[in-house]
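S.K.: Modelling step: build the complete structure from the supplied sequences, incorporating the hints.
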Amino acid sequence: MAGFVCNECSFYSEGLEMVKHLKSTNHDSVKCFETQETLACEICDDSNINCLTVTIAEGMLLICGNCLINEGITPSHRSTLKNNDILESFEDYVKYRGLCCVFRCSKTDLSIYPPDLQYAVCDGCATIGNDYDDEQVKIRKDSKESLEKSLGKPKTRDNARDSQNEETQKVQEVIPESELNFIEKELVIQEKIPDLVTENGDGELMCCTCSFVSKGPEMIQHLNQQEHLYIMYLDSKKVLACEMCQQANINELTMSKFDQGELLMTCKKCLTRSGLKPFVKYNLNNKGIFVEVDEYYNVLDMHHNFQPTKEQRDQDISELISKFKDLSLYGKESQSNVKSRYLTQLLNTRRKVIKASKNTSKELKNPPKISENNENSINKESIKLTELTNPLKKIESPTESNNKSKNNESSEEYEHKSKYQKAKPKLSYESLGRYYKEMCYNLYLEESIETAPMTNFITEWYPGFPNRVTLFIPYTDDIDKLIYSKFRQIRDTPFSKHQSIFLVTAENGKSILWESFVMRLKLIRENNIKIQIELTLQLQSWNNSKTFMDLNIISFTPASPPTSRIITSMTNQNNPFFQNMLLGKNLLNQTNKTLRPLKYPTTTKLNNPQLIAINQVLDNPITILQGPPGTGKTSTINELILQLVKDTYPILVVAASNVAIDNIAEKLMKNKDLEILRILSTAKESEYNERHHLNPICLHRKVFDNLPTEKQDLYLDFKMDRRQINKNEFFALTKLQIKETDKLVNSAKVILTTTITAGGPHLRHLDKIPILIMDESTQSNEASTLVPLSLKGLEKILLVGDEKQLSSFNDIPYLEQSLFERVLKNGTYFNPNMLQIQYRMNPKISKFPNIKFYENKLIDGVTEQDRTTFGIPPLLFIDYGDHYKETQSLKNPIKFLINSGNISSYQNIGEANLILKLIYELNHKGGINLKDIGIITPYSSQRDIIAQLIRNDRKINPNFEKIQEEIDDDFNHSNNSQFKKPSSIKTICGLMISSIDAFQGREKNHIIFSCVRSNEFNKIGFVKDLRRLNVALTRAKNSLTIVGNKSCMKQGDSVWNDLINHLETNHCIRTLKPSEL
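The sequence shown stops at residue 1101 when you use our numbering, and every number in between is there.
Hints listed in this document are in silico derivations from the structure and should not be mistaken for laboratory results.
For glycine and all other residues, C-beta sits at the position ideal for the given N, C-alpha and C.
Any given hint might turn out to be false.
What the hints assert, rightly or not - Using 30 Å as the maximum straight-line C-alpha spacing, the simulated BS3-like pairs for lysine-lysine come out as follows:
no., residue 1, residue 2
1, Lys868, Lys949
2, Lys708, Lys726
3, Lys849, Lys609
4, Lys521, Lys751
5, Lys670, Lys763
6, Lys1043, Lys448
7, Lys849, Lys820
8, Lys986, Lys941
9, Lys305, Lys505
10, Lys816, Lys450
11, Lys828, Lys849
12, Lys767, Lys708
13, Lys521, Lys735
14, Lys868, Lys1043
15, Lys534, Lys570
16, Lys505, Lys261
17, Lys505, Lys521
18, Lys759, Lys726
To be verified - The calculated label-pair distances, taken between Cβ atoms and stated as ranges, are:
no., residue 1, residue 2, range
19, Lys521, Gln912, 46 to 54 Å
20, Gln270, Thr672, 50 to 58 Å
21, Arg512, Glu879, 54 to 62 Å
22, Asn610, Arg715, 47 to 55 Å
23, Cys234, Asp52, 18 to 26 Å
24, Phe303, Leu506, 30 to 38 Å
25, Asn855, Ile749, 56 to 64 Å
26, Phe894, Arg512, 57 to 65 Å
27, Ile553, Trp485, 23 to 31 Å
M.R.: This is the structure in structure tokens:
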């Protein structure tokens, strides 16, 4: 018998015992343990168990009393909580729900059934076949027994649809061939899909709103009932969208089939404008939108792999050029003509794809390996490119790599796809050209994960300029949508001067990547309509331009602003000290570590390691400083700035996160005479408003204060969307802001900003920045570190970090390593100075991390008495045994899924409820302010569940406060995963709930660590990562409480085994009794 879990107290039991529990406690929500779904009405989602009924009426239904009356349903049988049999009947409901006719019609009144085939058939469909004898096959669904008798095998929600597809194939044999021909004729004549048309493939669909997974007919029914709009085809991890404008609203989409079998997915608007006349149009209204979705994506995959011959390509280019010269293109109907040309070209290419696939299917399935020796013997028509090469080294293309994979790879959070794990960062490089080339290739990989390459253009070469090319790009809706919405009325194109552009060429079976930048930009208009963009590109200096001219450019990818800043910084790097560091071949100069008095003493609170670190920075152009948790990194940086600024300024202080920069800024603000300036990215400015404690030192605030009143109003109109300002107003405002910015930046002595924002326009006019201090250096990947390293006049740098803690996460492993880590690994900077005295943790908390991660080098600068809260143990593991189990969930941000595959997370509801009790005890019984408590967990699903439980708990949240979400993202509309935090921090009533990764760099008096993992296989996933464990164990000051399954964690990893043994030895484990669960 199935087990059930009470959603209010996590009590677990089987049917009758759970019924007794619900009645005795007045709890009203329950979940089936096997399916992990809460019992709720199919129509209105009411989950109050007292109102629910399992009925038999036109199939089995789970419905509430109100909907039963409103729908006019008269059941033959009802199972409710009152008569004690609702949970028992729910098991049958799970078996038989979603039952539909195997002929894929939309009817649910399944009263006729052919017993010899073991399938359900409705009255209407059964009459088509003349072989049926109604008297022999009639079985009415008047009772549960008849359902069991007719169905034979029980079905669950997960496998019901799969089995139906197999059933359909068998039943098709029963339908006479003449009937099928009749169906096809009806399909063509009426342009609608009769109820009897069956699915063609096995591909499943997923609703992007609620993650419901099903096949065509069931998904149509789901969409009509729930009014959800966006669907993903799971086999290829693609959201269904218009191929012209990327409209993804399923109500607006049409699958068009043409006379030679070609399929196009467009929105109704684009199809109408194109003037194309399809043979058949499938849409949601005629219930046919998913009929040929399998075939469509099969052809689409071949389309992306298809490479035409040189003759075919030359012919296509000639046709395009002639159409560009056609004056009729610039008439009133120019936009329609552009769409028609694009879709017609797409249709022609698809015809070639279908033809080529029939002739070369074997070659496409088994593509030859391309090498230097056999490249001339390969027929390009039969090649599915498998390698992207540059002049330095053959490397796999992301596009082709995606096509090679089965597109069903599933990964855990913070886990890399196997296709990206081959390229590992090197420790040293032969030349800067090779270094820049490999870095750019991996930046291209990262961009290509979410940004599709552009292929709709023609090229023009410049004789005598082998490193220059112009792209002529038709201005379409796709191009227009690349402009950030707020700037759509101000900017003419999505491109900008000096923006980096990745080019991919194909020649002799090779794909080659080139890096370029926009040299000139021109927009062609006719009758005030945007027609074409002329983009003149110049190759970056490290490319071999001799082999570039006249190559076949097959695509280009514009770089995002962060990536453009990184590539631009490579062209500006001319300091020999820093170039030597980047190459990683020679030792970096270090003077001896000395302990001497400071030249300008401002405090007596610094310890010896801090004084030595400051002196070392003063004596060397490059300094690496290791700063373990709680060792006073911020205090050291603060004192160093006060020493340096007496003689040299401005000093630039950067970090990967705004939190780290803010911590330093808070300390510096105490020095009233110090001119400090906090520079934020445009996306973050609104968060640092007049209510923010750092607002007085922020650049945007000071610039605003210096603007005339009328310009302040204009600024607010734009920022707060009070009205749409025009282009002239915007540029006049920008000109004045730049003038004020230059004044403020030039007068500042200390400038604080994030790593990538340092490459923005604010510092562009500074003559020199002699000193750079980078905090959290290990969280800033090497690519982004290049940005501040390239600033003019830089003479001295300090990198502060801790390689024992987490580095930045990136979809491309190559881009995760920090420059801090690399110079330690390659030995060019040996024996770095380390801050050794920690002031954060109770010694009982710091003991294990000190032994395991820091070789027992840390010294406690606080005592147990300094960090003890009465009645709360400083270190405790609460073990609930195997009473609570983890469940896996699919994370479903649409952007993340389109190209990244399935990202799975884990949650443990029983553990989450237990943590809720701990919070209540700390707050109400222990008198601990919620602002002093932090909840950390490895998994975002667990973070979200805990936040929701707190929000709904009236004891902890009596004022119904909402969850506040904090995302430390400088580019909230950037595609790059390296500049977007994979996890956010959620705050409610002052209490922070966060992933471990997002909480790095923070601390709280009291930390509760939710382990989540609890399974019979003792698998704990990425929770075993040493650096992640180190971060989790070193966030607490007074108390650290770990909640988990001791046995699972201990057996899941050797370091966790050592931690559990350490806790057992020090009597820090509390095993809960059954009555406490």
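S.K.: Against each hint, give a clear statement of whether it holds in the structure.
M.R.: Results of checking the hints against the structure:
The hinted pair formed by Lys868 and Lys949 meets the criterion: a straight-line CA distance of about 23 Å does not exceed 30 Å. Distance check on the hinted pair: Lys708 and Lys726 sit about 15 Å apart at the alpha-carbon level, within 30 Å; holds. With a CA separation close to 12 Å, the supplied pair Lys849 and Lys609 stays within the 30 Å bound. Simply put, Lys521 and Lys751 have alpha-carbon atoms about 18 Å apart, close enough for the 30 Å limit, and the pair holds.
Of the supplied pair hints, the one linking Lys670 and Lys763 holds, its CA atoms being roughly 27 Å apart against a limit of 30 Å. As the CA atoms of Lys1043 and Lys448 are separated by approximately 27 Å, the hinted pair is consistent with the 30 Å bound. A hinted pair counts as satisfied when its Cα atoms are at most 30 Å apart, and Lys849 with Lys820 qualifies at roughly 22 Å. A hinted pair counts as satisfied when its Cα atoms are at most 30 Å apart, and Lys986 with Lys941 qualifies at roughly 20 Å.
The hinted pair formed by Lys305 and Lys505 meets the criterion: a straight-line CA distance of about 26 Å does not exceed 30 Å. For the hint linking Lys816 to Lys450, the alpha-carbon distance of about 27 Å falls within 30 Å, and the restraint holds. For the suggested pair Lys828 and Lys849, the alpha carbons sit about 13 Å apart, so the restraint of at most 30 Å is met. This hinted pair checks out: Lys767 and Lys708 have alpha carbons roughly 22 Å apart, not beyond 30 Å.
Proposed proximity of Lys521 and Lys735 is supported: the alpha carbons are some 27 Å apart, at most 30 Å. Of the supplied pair hints, the one linking Lys868 and Lys1043 holds, its CA atoms being roughly 28 Å apart against a limit of 30 Å. In summary, the hint linking Lys534 to Lys570 is supported, as the alpha carbons are separated by about 17 Å, within the 30 Å threshold. The hinted pair formed by Lys505 and Lys261 meets the criterion: a straight-line CA distance of about 22 Å does not exceed 30 Å.
Restraint check for Lys505 and Lys521: satisfied, since their Cα atoms lie roughly 19 Å apart, inside the 30 Å limit. At most 30 Å may separate the alpha-carbon atoms for a hinted pair to count; Lys759 and Lys726 meet this at roughly 16 Å. Taking 46 to 54 Å as the suggested C-beta distance range, the pair Lys521 and Gln912 conforms, at roughly 48 Å. Remark: the range hint 50 to 58 Å for Gln270 to Thr672 is upheld by a beta-carbon distance near 51 Å.
At roughly 56 Å, the beta-carbon separation of Arg512 and Glu879 lies within the given 54 to 62 Å, and the hint holds. Between Asn610 and Arg715, the C-beta spacing of about 50 Å keeps the proposed range 47 to 55 Å intact. About 23 Å separates the C-beta atoms of Cys234 and Asp52, a value consistent with the hinted range of 18 to 26 Å. Our hint of 30 to 38 Å for Phe303 and Leu506 holds, since their Cβ atoms are close to 33 Å apart.
The hint said 56 to 64 Å for the Cβ distance between Asn855 and Ile749, and at roughly 57 Å that hint holds. For Phe894 and Arg512, the hinted distance range of 57 to 65 Å is satisfied, since their beta carbons lie about 59 Å from each other. Restraint check, Ile553 to Trp485: a C-beta distance of roughly 28 Å satisfies the suggested window 23 to 31 Å.
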